[in-house]
Amino acid sequence: ETGVTQTPRHLVMGMTNKKSLKCEQHLGHNAMYWYKQSAKKPLELMFVYNFKEQTENNSVPSRFSPECPNSSHLFLHLHTLQPEDSALYLCASSQDTSPYEQYFGPGTRLTVT
Amino acid sequence: EDQVTQSPEALRLQEGESSSLNCSYTVSGLRGLFWYRQDPGKGPEFLFTLYSAGEEKEKERLKATLTKKESFLHITAPKPEDSATYLCAVQALGGGATNKLIFGTGTLLAVQP
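Residue numbers (this note's numbering), protein chains in the order written: chain A, 2 to 114; chain B, 734 to 846.
You may find that some hints are simply not true.
Derived DSSO-like pairs: lysine-lysine, alpha-carbon spacing no greater than 30 Å straight-line [what the hints assert, rightly or not]:
#1 K20(A) with K792(B)
#2 K792(B) with K37(A)
#3 K53(A) with K812(B)
#4 K802(B) with K41(A)
#5 K42(A) with K792(B)
#6 K23(A) with K775(B)
#7 K37(A) with K775(B)
#8 K775(B) with K42(A)
#9 K790(B) with K812(B)
#10 K19(A) with K37(A)
#11 K19(A) with K802(B)
#12 K20(A) with K790(B)
#13 K775(B) with K19(A)
#14 K796(B) with K19(A)
#15 K41(A) with K801(B)
#16 K53(A) with K802(B)
#17 K53(A) with K801(B)
#18 K23(A) with K790(B)
Calculated from the model, a selection of chain B residues having no Cβ within reach of chain A, i.e. all distances over 12 Å [to be verified]:
#19 G749
#20 Q771
#21 K775
#22 E778
#23 E789
#24 I835
No lab work stands behind these hints, which were simulated from the structure alone.
Glycine is no exception: its CB is placed at the ideal position from the N, C-alpha and C atoms.
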């Protein structure tokens, strides 16, 4: 595997379900990010981890819970989501937090029914 | 408030017809400006980073330029495979420990053969 990988690529879940998104980076980077991409809207930064420590929580509802066990892996735990949470969730990584370019994974297309 | 505006929202070109995409930004101080390409159903792919006014970078048919208020992505003699959404993002000075990128909504480019 190379670059940034995300699983699953597609996820359909009910509002009462609990699921997790997984991201893995194979670039030796130290910082990892979660973004939300909705139609006609700019990418929204959700969380930032640098050296496994969360350094940014961009006012994200508590039904989204991130976890970063090491610099290569990032999870987004989902529970009791709303239909408006349906979007493309993108993971990214960078060598450090500033001002290095971020490299994105292919995303998880989430549909909440 | 830091802001990024991209224009046009959509652009249709004939193969070989050169044009430019615009990214206007308002930030308290610019740490870096980034261009990405995004294909449908995929994550953004990094293209360029620009740091200071007057800087230019090139890659194949693409050239990015930067002034104090905007950046242009020039596409010379485009081919159908250049069709994608092009995203611009800025990182502001004083962003703290995070590499927070502020994204525009993108320009959807379609190149017809």
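Are K53(A) and K801(B) close enough, with their CA atoms no more than 30 Å apart? 35 Å, violated
With 12 Å as the threshold, tell me whether E778(B) passes as away from chain A on beta-carbon distances. 7 Å, violated
Mind checking the alpha carbons of K53(A) and K802(B) for me, to see if they're no more than 30 Å apart? Outside the cut-off at roughly 35 Å; violated.
Does the alpha-carbon distance linking K53(A) and K812(B) stay inside the 30 Å limit? At roughly 42 Å apart (the allowed maximum being 30 Å), K812(B) and K53(A) break the hint.
Does K775(B) sit within 30 Å of K37(A), going by the straight-line distance between their CA atoms? Cα-Cα ~13 Å, so holds.
Holds or violated: are the alpha carbons of K23(A) and K775(B) at most 30 Å from each other? Measuring from Cα to Cα gives roughly 16 Å; hence the hint holds.
Does K792(B) pair with K37(A) here, judged by a C-alpha cut-off of 30 Å? 28 Å, holds
Q771(B) non-interfacial with respect to chain A [C-beta, more than 12 Å]: Per Cβ check, Q771(B) is inside 12 Å of chain A; nearest 8 Å; violated.
Check the hint pairing K19(A) with K802(B) against an upper bound of 30 Å on the C-alpha distance. Distance ~44 Å between K19(A) and K802(B) Cα, so the pair is violated.
Check on I835(B) being off the interface with chain A, judged by Cβ distance over 12 Å: 8 Å, violated
Need the status of pair K19(A), K37(A): alpha-carbon distance at most 30 Å? Given pair K19(A), K37(A) holds - Cα atoms ~18 Å apart, limit 30 Å.
Are the Cα atoms of K796(B) and K19(A) separated by 30 Å or less? 45 Å, violated
Of the numbered hints stated above, those contradicted by the structure are hints 1, 3, 11, 12, 14, 16, 17, 18, 20, 21, 22, 24, listed in ascending order.
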